[in-house]
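S.K.: Below are the chains, spelled out letter by letter.
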Amino acid sequence: MQELTADAAIELRGIDKSFGSVHAVRGVSVRIERGSITGIVGENGAGKSTLMSILYGLYRADAGEILVDGRPVEMASPRDAIGHGIGMVHQHFMLVDSFTVLENLVLGAEGGALLARGLAAARTELARLARDYGLTVDPDARVADLSVGEQQRVEILKVLLRGARILILDEPSAVLTPQETDRLLQILRVLRDRGVTVVLITHKLREILAVTEKVIVMRRGEVVAERRTADTNAEDLAELMVGRKVRFDLDKAPARKGETLLAARHLSLVDGRGVRLLDDISLEVKAGEIVGIAGVSGNGQTELLQVLSGIRPPSGGEFEACGRKVDATHPVDPAEMRDLGVAHVPEDRLRQGLVPAFLASETSILGYQDREPFCHNYILDGPAVGKYCADLMERFDVRPRTPGLLSSSFSGGNQQKLILAREMARDPKVLLVGQPTRGVDIGAIEFIRRELVRSRDAGCAVLVVSVELEEILSLADRILVMFAGRIVGEVAAGQADERTLGLMMAGARAA
Amino acid sequence: MSALRRPLPGWVEIGLLPLANIALAFLVVSVIVAIIGVDPLHALRLLVLGALGSSESIGYTLYYATNFIFTGLAVAVAFHAGLFNIGGEGQAYIGGLGCGLAVLALDRYLPGLLMIPLAILASAAFGAAWAAIPAWMQAWRGSHIVITTIMFNFVASALMVYLMVNVLIAPGSMTPQSRGFGASAQVPSMQAALQWIGIAVAPSALNLSLLLALLSCVGVWIFLWHTPWGYGLRTMGHNPEAALYAGTNLKRTTMLAMCLSGALAGGVAVNELLGVHHRLVLDFAAGYGFTGIAVALMGRGHPLGIVLAALLFGALQQGGAELAFESPRITREMVVVIQGLVILFSGALVHLPRPWLQALFARRG
Ligand SMILES: Nc1ncnc2c1ncn2[C@@H]1O[C@H](COP(=O)(O)OP(=O)(O)OP(=O)(O)O)[C@@H](O)[C@H]1O
Ligand SMILES: [Mg+2]
Numbered sequence: 003m004q005e006l007t008a009d010a011a012i013e014l015r016g017i018d019k020s021f022g023s024v025h026a027v028r029g030v031s032v033r034i035e036r037g038s039i040t041g042i043v044g045e046n047g048a049g050k051s052t053l054m055s056i057l058y059g060l061y062r063a064d065a066g067e068i069l070v071d072g073r074p075v076e077m078a079s080p081r082d083a084i085g086h087g088i089g090m091v092h093q094h095f096m097l098v099d100s101f102t103v104l105e106n107l108v109l110g111a112e113g114g115a116l117l118a119r120g121l122a123a124a125r126t127e128l129a130r131l132a133r134d135y136g137l138t139v140d141p142d143a144r145v146a147d148l149s150v151g152e153q154q155r156v157e158i159l160k161v162l163l164r165g166a167r168i169l170i171l172d173e174p175s176a177v178l179t180p181q182e183t184d185r186l187l188q189i190l191r192v193l194r195d196r197g198v199t200v201v202l203i204t205h206k207l208r209e210i211l212a213v214t215e216k217v218i219v220m221r222r223g224e225v226v227a228e229r230r231t232a233d234t235n236a237e238d239l240a241e242l243m244v245g246r247k248v249r250f251d252l253d254k255a256p257a258r259k260g261e262t263l264l265a266a267r268h269l270s271l272v273d274g275r276g277v278r279l280l281d282d283i284s285l286e287v288k289a290g291e292i293v294g295i296a297g298v299s300g301n302g303q304t305e306l307l308q309v310l311s312g313i314r315p316p317s318g319g320e321f322e323a324c325g326r327k328v329d330a331t332h333p334v335d336p337a338e339m340r341d342l343g344v345a346h347v348p349e350d351r352l353r354q355g356l357v358p359a360f361l362a363s364e365t366s367i368l369g370y371q372d373r374e375p376f377c378h379n380y381i382l383d384g385p386a387v388g389k390y391c392a393d394l395m396e397r398f399d400v401r402p403r404t405p406g407l408l409s410s411s412f413s414g415g416n417q418q419k420l421i422l423a424r425e426m427a428r429d430p431k432v433l434l435v436g437q438p439t440r441g442v443d444i445g446a447i448e449f450i451r452r453e454l455v456r457s458r459d460a461g462c463a464v465l466v467v468s469v470e471l472e473e474i475l476s477l478a479d480r481i482l483v484m485f486a487g488r489i490v491g492e493v494a495a496g497q498a499d500e501r502t503l504g505l506m507m508a509g510a511r512a513a
Numbered sequence: 043m044s045a046l047r048r049p050l051p052g053w054v055e056i057g058l059l060p061l062a063n064i065a066l067a068f069l070v071v072s073v074i075v076a077i078i079g080v081d082p083l084h085a086l087r088l089l090v091l092g093a094l095g096s097s098e099s100i101g102y103t104l105y106y107a108t109n110f111i112f113t114g115l116a117v118a119v120a121f122h123a124g125l126f127n128i129g130g131e132g133q134a135y136i137g138g139l140g141c142g143l144a145v146l147a148l149d150r151y152l153p154g155l156l157m158i159p160l161a162i163l164a165s166a167a168f169g170a171a172w173a174a175i176p177a178w179m180q181a182w183r184g185s186h187i188v189i190t191t192i193m194f195n196f197v198a199s200a201l202m203v204y205l206m207v208n209v210l211i212a213p214g215s216m217t218p219q220s221r222g223f224g225a226s227a228q229v230p231s232m233q234a235a236l237q238w239i240g241i242a243v244a245p246s247a248l249n250l251s252l253l254l255a256l257l258s259c260v261g262v263w264i265f266l267w268h269t270p271w272g273y274g275l276r277t278m279g280h281n282p283e284a285a286l287y288a289g290t291n292l293k294r295t296t297m298l299a300m301c302l303s304g305a306l307a308g309g310v311a312v313n314e315l316l317g318v319h320h321r322l323v324l325d326f327a328a329g330y331g332f333t334g335i336a337v338a339l340m341g342r343g344h345p346l347g348i349v350l351a352a353l354l355f356g357a358l359q360q361g362g363a364e365l366a367f368e369s370p371r372i373t374r375e376m377v378v379v380i381q382g383l384v385i386l387f388s389g390a391l392v393h394l395p396r397p398w399l400q401a402l403f404a405r406r407g
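First to last, the sequence lines map onto chains A and B.
Okay, so the first sequence: first residue is 3 according to our numbering, each after it adds one.
Okay, so the second sequence: first residue is 43 according to our numbering, each after it adds one.
Derived by calculation from the structure, the hints in this document are not laboratory data.
Don't take every hint at face value.
Far from chain A, by Cβ distances over 12 Å, these chain B residues were calculated [as the list claims (entries may be wrong)]:
hint: 1; residue: G52
hint: 2; residue: G79
hint: 3; residue: L91
hint: 4; residue: S97
hint: 5; residue: L152
hint: 6; residue: G154
hint: 7; residue: W178
hint: 8; residue: L201
hint: 9; residue: I211
hint: 10; residue: G224
hint: 11; residue: A244
hint: 12; residue: I264
hint: 13; residue: H320
hint: 14; residue: A363
hint: 15; residue: R371
hint: 16; residue: L391
Some, not all, of what chain B presents toward chain A, calculated at C-beta under 8 Å [stated by the list, open to error]:
hint: 17; residue: P270
hint: 18; residue: A284
hint: 19; residue: L350
Model, not experiment: these values are computed from the prediction.
Note that the Cβ used here is the ideal one computed from N, Cα and C, for glycine as well.
Take these sequences, add in the hints, and give me the full structure.
M.R.: Next up, the structure:
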């Protein structure tokens, strides 16, 4: 046992952490082996991010110790963590968009008064890292011009440049396309082979099975299992996480279609610089069906949802939702769309779907704040809002069930469930959903997908945008593929397979 | 989610942190006061007595606080919408113009019960209109509101000087001020009001405008946290994209927030012109608009906090004046330095004591 301890890059002993009444981490003890990739999985709110934030010095544990290389250390701030060779890549990037990659890399470590010297040193270092780890990024490109995957590589480089030997990644693939995710996993393997210790938090068991040596499963603040990756499989892990069997297949009856509730004809959207973001989009969604839009992110899906939900007026063409015609000269605003019965779950929950500084109860009425039963005679009814939020939390199993907690205090998956609950609770006629299960745990994915199907069966017209092909395949009755702002193909759910869809998504069959 | 700034318990955040800020400011003040050869404890005694020592000094403290409540609320409302209104000064000044015009035109014909509400409305409307122009320029033309509101302070000042010297000056007067307001346009002093219910206090500048300021606090609180418009306004302030998603019209909400902000700043005119000067004068708003920024910051944008911060700044203003009067070595400029230090520590350096408090509460947090 003793030599095993010596082999641990990090050991956490009896770590405990509460936020007020929420006991987020309960006496967790784990060992992270040196030069390996360790996965951490667990339900939303299981305490994964909190545990890693403690290791990185962002939070201070109420009890317990942290050992780095077998020696107990104090982690009072990220500075201490960096000093001990621990680096963390955050889910939302902390880069300055208008700076070049190189400038971002020296930020906060400029290397003395002479910026030029720091920049030159960083350039040499960067070349070395690129050679050693295969992490290639153009040092002179502006961050704003990089893809999400490249930006993430810059974040990883930033951490490595600070001399980190232990790398923590919290849901790194949530924002990546499948191709970019594959690149990332490849990079992680190389890092491990070069002796870097990696901790990977993810909800995607595929990634766990692909790269890790060991998996730690957390549930409700505790470590409930540790497995060698070689000795386990997806079903096993899912069951350990949720505490019951999880069904990966979604059995749903064939769609019983009704009238057309949402129809777009030759929609186009041109931005200020004349770039065509949407190009001649025509589609129909009928009551009682789920239409899925597949595509690599950044091919106009975001803009399509913005236009259909009334956030942005179209530049050309028109669409009709629940009998209301909209075109460039007859725009609509999101409030009116809600009146018509069009609900919208936005792709980016932190930027659009909620206000982090609002209470959960306030978030639960975002967009509906001026309606009954929340508002009578122009005054908000606080108790009614609180009760409504508590109901939503009950129905959608949002944890913790505390309407008075700040929205930012909920784990990512629980924030998503709260937003879904808000939009689905009012029985909309049309439901626009962007990335329904981004950052959501397996049990909740199963639940959310079933709820979407239930809405469909209740006669709702559902339009789902997702970059997860597997999600589209399991949910949609009909699949449209978007590429470069156009719809390049349509496939009935029965005839779709990952390969042909993948080819279309890459623009192979551009119409 | 990673929170880079670790949270403190609520009461520490709202109660202890500002106190720590003030204590730090006074620590630095004591050092400076000691350097110029005055016993800091003696100076502090003079300051406190000057602000709170008699019913007269309390009256003046509250009178200054009234102005600070109005401008503090004005800054806070805009701030909740994500807008930095530096123009409270100019808005209060132009509010005074509206107030003066209404009174000069109508005080001979209307009884007080009509005249005073009308004059208050005119102050608010003119203040709002002066804020509406920068708001419009930001919402539709993209000019930054910080720049335009600052410029509008200068424009207001120039405009008022021109009007006072050339148009509104009382006939035959040597100083640029209007004729006196009629009795129907005078807000009763607090002394008169209290006397009426049998309480005797010394006369001071304090008048019933204080009640209007407190009512405004309640109004702002209800508006921001209990109406759908306030909700939309705060959503925009925190997260414009979420506001857009929720169907809040950003342009209209910008206008709403700034107009409300300007109207609140107009309250200074009510306190000064209807309550004290009883005529339209130059420069009555000087300094209040800017201190309002510090008041709003220190009060954490909450009406209750703003009242407390306004009391502090009112006491500093009044006590500081007494201190300068009593202690020859401490000049008026010194008093401004003291106020400046309080603003510095509770505004710019507001997070300075945070690490210590965090260390103190981390184990229990
Ligand atoms: N700053 C905070 N204040 C209050 N509660 C918090 C705070 N941060 C986290 N929590 C709570 O602690 C628990 C654990 O949260 P954590 O973010 O660690 O979960 P997670 O396992 O990372 O979940 P997810 O997979 O959804 O990201 C949750 O119940 C969450 O609501
Ligand atoms: Mg998390």
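S.K.: Could you check the structure against the hints above and give me the numbers of any it violates, in ascending order?
M.R.: When the structure is compared with the hints, numbers 1, 12, 19 turn out to be violated.
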